[in-house]
Every structure is written in C-alpha cells, then in structure tokens.
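Just need the whole structure built from these sequences, with the hints factored in.
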Amino acid sequence: MVRFESASAFMLDDTGAISVSELVEQSGLSEAELRVLVDCGALAPRDILAATWTFSSQCIVTARTARRLRDDFALDDAHVVAIVLRLRERIDALEHELRRLSGGHGIR
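Letter by letter, the sequence shown follows residues 1 to 108 of the working numbering.
Since the hints were derived computationally from the structure, they do not count as laboratory data.
Predicted model, so just to flag it, every value in this text is computed and none were measured.
Mixed in with the good hints, there may be bad ones.
[Said to hold, decoys possible] Have a look at the derived ranges for each label pair, beta carbon to beta carbon:
id, residue 1, residue 2, range
1, E31, R99, 31 to 39 angstroms
2, R68, I48, 19 to 27 angstroms
3, L87, S30, 19 to 27 angstroms
4, L101, S21, 23 to 31 angstroms
5, R100, E22, 15 to 23 angstroms
Glycine is no exception: its CB is placed at the ideal position from the N, C-alpha and C atoms.
Put into structure tokens, the structure is as follows:
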C-alpha cells in the first residue's frame with residue numbers, strides 16, 4: 001500500500017511559536033504522545049511551567065520525525081519513540097562533529 005503525506009510549506013524559525021493543538025495537527029502525533037516526548041526531554045516547550053504550552057516552530061521537525069519513527073518501526077510506546085528519537089539526534093550530532101573534524105571529507 002502506498003501512503004501519501006500532505007505537504008505544507010511554512011518557515012521554521014525559533015521566533016515563531018505554535019500551540020500544542022497546532023503541533024498535534026502538524027506532526028500527526030496525539031497530545032498524549034507529545035506530552036510523553038516532553039516528559040522524556042525529546043521536546044521542549046518554551047515555558048514548561050506555563051498553563052498552556054507553546055513550542056518553537058522547529059519542534060515540528062522533531063515531532064514529525066518522532067511520528068515517522070513510530071510509524072516506520074511500529075513503535076506503540078511513546079517512551080520508546082522518545083528514546084529512539086534521542087539516539088537518532090545524538091547520532092546526527094556525532095556525525096556532524098566528525099564531518100567538522102575531518103574537514104567535511106569521507107562521511108556523508
């Protein structure tokens with residue numbers, strides 16, 4: 001079966017703020033899944049103590065990645081998704097550092 005995702009274009013920057021409901025809509029995750037990702041440190045609201053959370057628009061990328069990981073690997077526990085997401089981010093950071101140290105040669 002072929003799945004199609006709808007695409008939407010928008011600017012992602014750290015100045016824009018989105019609500020939990022907007023993040024749910026943009027990511028495909030449930031509010032409960034987003035709360036687990038926040039609890040596990042995979043997503044960070046602008047002010048965790050606020051009555052209503054808002055997020056940087058950059059969090060859309062992280063939340064969409066979490067949803068793809070959940071779907072692609074049939075992960076049914078948001079805690080596991082958070083762990084895999086954090087490991088993926090760590091691998092990306094290490095690869096970036098390796099490219100920087102090697103002058104950008106040899107590592108894709």
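Evaluated hints:
{"no.": "1", "hint": "E31 / R99: 31 to 39 angstroms", "result": "37 angstroms, holds"}
{"no.": "2", "hint": "R68 / I48: 19 to 27 angstroms", "result": "25 angstroms, holds"}
{"no.": "3", "hint": "L87 / S30: 19 to 27 angstroms", "result": "22 angstroms, holds"}
{"no.": "4", "hint": "L101 / S21: 23 to 31 angstroms", "result": "42 angstroms, violated"}
{"no.": "5", "hint": "R100 / E22: 15 to 23 angstroms", "result": "34 angstroms, violated"}
Comparing the model with each numbered hint stated earlier shows that hints 4 and 5 do not hold.
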